[in-house]
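Q: Spelled out from the first residue to the last, the chains are:
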Amino acid sequence: MQKLGDFKLPHFFNYPPYFTLQPVRETSEKQIQLWKELILDYCRIQKIFVIRLEEEFPLFSNSVVERTLSHEAREAFLSALVAEGRAEWLDKGRRNCLILWHRIQEWADIIVNFVKDNGFEDSVMTVEEIRSGIESRGTELQGIDRTILVRALKLLEHKGKLAIFKGTSTDDEGVKFSV
Amino acid sequence: MSNFFSKAEVTSSGRPVLLRNEVECHLLSAVDLEPEDHRHFSLLKSGLLILTTHRLIWLPSSSASTPTSASAVPLAAISHIFSSKKSLKSVFHSPRIRFQVLVSSDGRVFDPGSESGSSSGSGSRSVVVTAVIRGKGDCDGFLVKFWDSWRARAWEATETSDSGSASASGSGAATGTGGGLYSSDGSVRMVGVAGILRKEQEMWESTDKSLQDAFQDLNALMSKAKEMVMLAEKMRQKLLSGTSSQTSGTNDEDMGSKEEMQDWLLSVGIISPVTKESAGALYHQQLSRQLADFVRIPLERAGGMINLIDAYCLFNRARGTELISPDDMLQACSLWEKFDVPVMLRKFDSGVMVIQNKSHSDEEVFARIKSLVTKPEALLTGISPTDAAMTLGIAPAMAKEHLLTAEIKGLLCRDISPDGFRFYINLFPEIDPCNMYFVKNYGICSTWIKAVSTTG
Numbered sequence: 000m001q002k003l004g005d006f007k008l009p010h011f012f013n014y015p016p017y018f019t020l021q022p023v024r025e026t027s028e029k030q031i032q033l034w035k036e037l038i039l040d041y042c043r044i045q046k047i048f049v050i051r052l053e054e055e056f057p058l059f060s061n062s063v064v065e066r067t068l069s070h071e072a073r074e075a076f077l078s079a080l081v082a083e084g085r086a087e088w089l090d091k092g093r094r095n096c097l098i099l100w101h102r103i104q105e106w107a108d109i110i111v112n113f114v115k116d117n118g119f120e121d122s123v124m125t126v127e128e129i130r131s132g133i134e135s136r137g138t139e140l141q142g143i144d145r146t147i148l149v150r151a152l153k154l155l156e157h158k159g160k161l162a163i164f165k166g167t168s169t170d171d172e173g174v175k176f177s178v
Numbered sequence: 083m084s085n086f087f088s089k090a091e092v093t094s095s096g097r098p099v100l101l102r103n104e105v106e107c108h109l110l111s112a113v114d115l116e117p118e119d120h121r122h123f124s125l126l127k128s129g130l131l132i133l134t135t136h137r138l139i140w141l142p143s144s145s146a147s148t149p150t151s152a153s154a155v156p157l158a159a160i161s162h163i164f165s166s167k168k169s170l171k172s173v174f175h176s177p178r179i180r181f182q183v184l185v186s187s188d189g190r191v192f193d194p195g196s197e198s199g200s201s202s203g204s205g206s207r208s209v210v211v212t213a214v215i216r217g218k219g220d221c222d223g224f225l226v227k228f229w230d231s232w233r234a235r236a237w238e239a240t241e242t243s244d245s246g247s248a249s250a251s252g253s254g255a256a257t258g259t260g261g262g263l264y265s266s267d268g269s270v271r272m273v274g275v276a277g278i279l280r281k282e283q284e285m286w287e288s289t290d291k292s293l294q295d296a297f298q299d300l301n302a303l304m305s306k307a308k309e310m311v312m313l314a315e316k317m318r319q320k321l322l323s324g325t326s327s328q329t330s331g332t333n334d335e336d337m338g339s340k341e342e343m344q345d346w347l348l349s350v351g352i353i354s355p356v357t358k359e360s361a362g363a364l365y366h367q368q369l370s371r372q373l374a375d376f377v378r379i380p381l382e383r384a385g386g387m388i389n390l391i392d393a394y395c396l397f398n399r400a401r402g403t404e405l406i407s408p409d410d411m412l413q414a415c416s417l418w419e420k421f422d423v424p425v426m427l428r429k430f431d432s433g434v435m436v437i438q439n440k441s442h443s444d445e446e447v448f449a450r451i452k453s454l455v456t457k458p459e460a461l462l463t464g465i466s467p468t469d470a471a472m473t474l475g476i477a478p479a480m481a482k483e484h485l486l487t488a489e490i491k492g493l494l495c496r497d498i499s500p501d502g503f504r505f506y507i508n509l510f511p512e513i514d515p516c517n518m519y520f521v522k523n524y525g526i527c528s529t530w531i532k533a534v535s536t537t538g
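Top line first, the protein sequences correspond to chains A and B.
Each residue of the first sequence is one higher than the last, beginning at 0 in my numbering.
Each residue of the second sequence is one higher than the last, beginning at 83 in my numbering.
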């Protein structure tokens, strides 16, 4: 089986039509579905949170069959993810896409579990500590995209599980859990 | 009293029997022919005077009291035509045409065609004949044509037609005998520079004359065409106004005459405006059938399907003249639905229109495409329209249409790359998004994987 780094590629990755946006509706629906799953899987395993359309993305090219997804195709597949709520456009020009291989709610649940596992129920932490602190090593929270983290925290704040406040220094915020 | 003139033969309905190559040019009615010598020869009163390229023919009118047989003066026998003198006297008189005719020894018109022609009494004596035009015809026009015909000497061309050279007039009347410019077989001897110059002159004159004639015909044609167009327009208007006025109440008689009018218009080649709403004018129906017959052979040669544009070109080329417009072609094809013909017009999604046999089966074509596209090499690299064209035995453009149709049906997938536009067998239906890595060990997918892995 072909690999892209550590990632195992499915057999149809070498099927040339896979890289051409199909016009026939039934066929293209299937094609889009397959690409959506593939993108999410790849991003989850490689811990990729943002896809920039104008840069090279390893998943979008196949050197074995010498095919590359066109810009139109990339936009089509990512838009499909956005429509499903598994991604968000970061800019109006649709050049950068935030990939939510965990939905925000899922991230929130992960944070709550993290807090409970580590006994942080009443503690205070900085946002940066959550994503790069010792406790987060080996967990899914390690290296999480800051935008996503803040969003998840805000969601929890809304639910009353924590409070976000401005820290002593201007560049970091703090979180007080009350899980 | 005997007849001064030569006898002219007539048919049973009173029309003159024309000589070979003789053409009628002009005619005048109510004409008296008076030979100079009244005492010995009778007057021909009130007949029809016909000018031809070879003769002046006089036909008696049916109301003549004394039945006189038809007469003629060969133009060859005329030695001079007098120009018309317009004097005070001529205002009150009927117009007259006077000409001089050679006479033979018996005092009658010298007839070069008859036996008395060649030897006796040639060319010496001539008398004046007067034609009095009592009718309303165009006398001056007749005179002009008279001059032209007399000078054209069409009868000499007939005489010397075997030798192939038109003879110019050296001396006055054509005597037919040899000597001088004429060689023994009657053709003009082209000698020296004079001969060359004369030949040039002849050619120029005959070209000039034929050009004049042609333009005269054209003018006549154009004026007639104008009349016809105006008439057709009037008819069209009448027909249109007839159908629109529902309240006037169409009784059977009206409908009958209207149909007659339509038929008549169609037979002249004008498409009836009324039938635009109905099943299509007769013209298009006939064209439609003709096209269906014609297109059978090109269809076979093209493998059962032919581009509409190609068929149009072939059809018009075969017709030669009376070419049809693209619109006519389209209408003719669309009429096929209404008849029982073995061909049909088909429009692909891409907009391309083709003519195909009714027996043509899309399913059969797809089966052939499928077998082509599942061959090991095609599994790896797909097929191009050219590949399909070779297998199906049809034009590449037609093959592409078939491939596109197969794609729409879900049989194929397209692959666009720097290598070009290719088609593969569609694997997507067999892939489960929830279980992407799983491959059944039967079906197209596994076949494909096997084909790919043996080479890669």
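Incorrect hints may appear among the rest.
[Claimed, not checked] For the chain B half of the interface with chain A, some residues (derived, Cβ under 7 angstroms), not all of them:
no.: 1; residue: Gly492
no.: 2; residue: Ile498
no.: 3; residue: Asp514
no.: 4; residue: Pro515
no.: 5; residue: Met518
no.: 6; residue: Phe520
no.: 7; residue: Ile531
[Unchecked claim] Listing some non-contacts, in silico: residues in chain B with all C-beta distances to chain A over 10 angstroms:
no.: 8; residue: Leu101
no.: 9; residue: His366
no.: 10; residue: Ile513
no.: 11; residue: Val534
None of these hints come from the bench; they were simulated from the model.
Treat the numbers as computed from the prediction; the structure is a model and nothing was measured.
For each residue, glycine too, the CB sits at the ideal point set by N, CA and C.
Q: Each of the hints needs a verdict: does it hold here or not?
A: Hint check results:
1. Of the supplied interface hints, the one on B/Gly492 holds, with its beta-carbon coming within about 6 angstroms of a beta-carbon of chain A, less than 7 angstroms.
2. A cut of 7 angstroms between beta carbons decides the hint on B/Ile498: the least distance to chain A is about 5 angstroms, and the hint holds.
3. Interface hint at B/Asp514: violated, since its Cβ lies 9 angstroms from the closest Cβ of chain A, which is beyond the 7 angstroms cut-off.
4. Look at B/Pro515: its Cβ gets to within about 4 angstroms of chain A, closer than 7 angstroms, so that hint holds up.
5. This hint holds: B/Met518 has a C-beta 5 angstroms from the nearest C-beta of chain A, less than the 7 angstroms allowed.
6. Violation of the interface hint for B/Phe520 is found here, the shortest Cβ-Cβ separation to chain A being roughly 9 angstroms, above the 7 angstroms cut-off.
7. A distance limit of 7 angstroms between C-beta atoms decides the matter here; for B/Ile531 the minimum to chain A is near 6 angstroms, and the interface restraint holds.
8. The beta carbon of B/Leu101 is kept farther than 10 angstroms from every beta carbon of chain A, the shortest such distance being approximately 79 angstroms.
9. Interface exclusion of B/His366 from chain A stands, the closest Cβ pair being 37 angstroms apart, more than 10 angstroms.
10. B/Ile513, annotated as away from the interface, has a beta carbon of chain A within 10 angstroms; the closest lies near 6 angstroms.
11. With a closest Cβ-Cβ approach of about 6 angstroms to chain A, B/Val534 is found to fall inside the 10 angstroms limit, against its non-interface label.
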